[in-house]
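Here this note's numbering is used: the first residue of the sequence shown is 779, the next is one more, and so on.
Treat the hints as calculated values from the structure; they're not laboratory data. Values in this document were obtained by computation on a predicted structure and should not be read as measured data. Some hints could be false.
[Claimed, not checked] Result set (DSS-like, lysine-lysine): computed pairs, CA atoms no more than 30 angstroms apart in a straight line: (1) K833 to K790; (2) K833 to K818; (3) K838 to K818; (4) K790 to K838; (5) K818 to K790.
[What the hints assert, rightly or not] Pairwise CB distance ranges, derived in the manner of DEER restraints: (6) A828 to S803: 25 to 35 angstroms; (7) L837 to V789: 29 to 39 angstroms; (8) L820 to M854: 30 to 40 angstroms; (9) Y825 to W849: 15 to 25 angstroms; (10) Q848 to W824: 18 to 28 angstroms; (11) Q809 to V789: 36 to 46 angstroms; (12) D791 to K833: 18 to 28 angstroms.
Each residue gets a CB set at the ideal place from its N, CA and C atoms; glycine is no exception.
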Amino acid sequence: MTSELSVLALVKDTERYIFLYDEESSDTLLQQLGQFAADKDLSFTWYDAAVLSQKVRRLKEEAEAEAREQWSRETMW
């Protein structure tokens with residue numbers, strides 16, 4: 779089974795935040811979003827972290843639902 783690579787991006791004025799992650803690293807990405815939000819040297823805010831975290835979780839839930847659906851179709855008689 780091949781792991782898909784996901785891209786999450788945020789553009790703020792002249793700054794660009796681009797995150798590449800796979801299913802196994804989504805929890806690490808969520809932690810990194812919090813670390814970026816806590817960094818006063820970045821324009822990345824807690825609101826940004828919340829919005830992007832919500833998107834990561836939603837995409838993960840959609841992928842899991844799709845996998846369950848696929849499994850269900852494959853195991854039907």
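Against the structure, the hints come out as follows:
1. Between the alpha carbons of K833 and K790 the distance comes to roughly 17 angstroms, so the proposed pair stays at or under 30 angstroms and holds.
2. Only pairs whose Cα atoms come within 30 angstroms are accepted, and K833 paired with K818 is accepted, the gap being roughly 23 angstroms.
3. For the hint linking K838 to K818, the alpha-carbon distance of about 29 angstroms falls within 30 angstroms, and the restraint holds.
4. Under the criterion of a C-alpha separation no larger than 30 angstroms, the hint pairing K790 with K838 is consistent with the structure, at around 25 angstroms.
5. For the suggested pair K818 and K790, the alpha carbons sit about 15 angstroms apart, so the restraint of at most 30 angstroms is met.
6. A C-beta distance of roughly 19 angstroms is found between A828 and S803, which places it outside the suggested range of 25 to 35 angstroms.
7. Between L837 and V789 the Cβ separation comes to about 19 angstroms, which falls outside the hinted range of 29 to 39 angstroms.
8. The supplied range of 30 to 40 angstroms is broken by L820 and M854, whose beta-carbon atoms lie about 49 angstroms from each other.
9. Between Y825 and W849 the Cβ separation comes to about 37 angstroms, which falls outside the hinted range of 15 to 25 angstroms.
10. Take Q848 and W824: their Cβ atoms lie about 36 angstroms apart, and the range 18 to 28 angstroms is violated.
11. The hinted window of 36 to 46 angstroms between Q809 and V789 is violated, with their beta carbons roughly 22 angstroms apart.
12. Between D791 and K833, the C-beta spacing of about 20 angstroms keeps the proposed range 18 to 28 angstroms intact.
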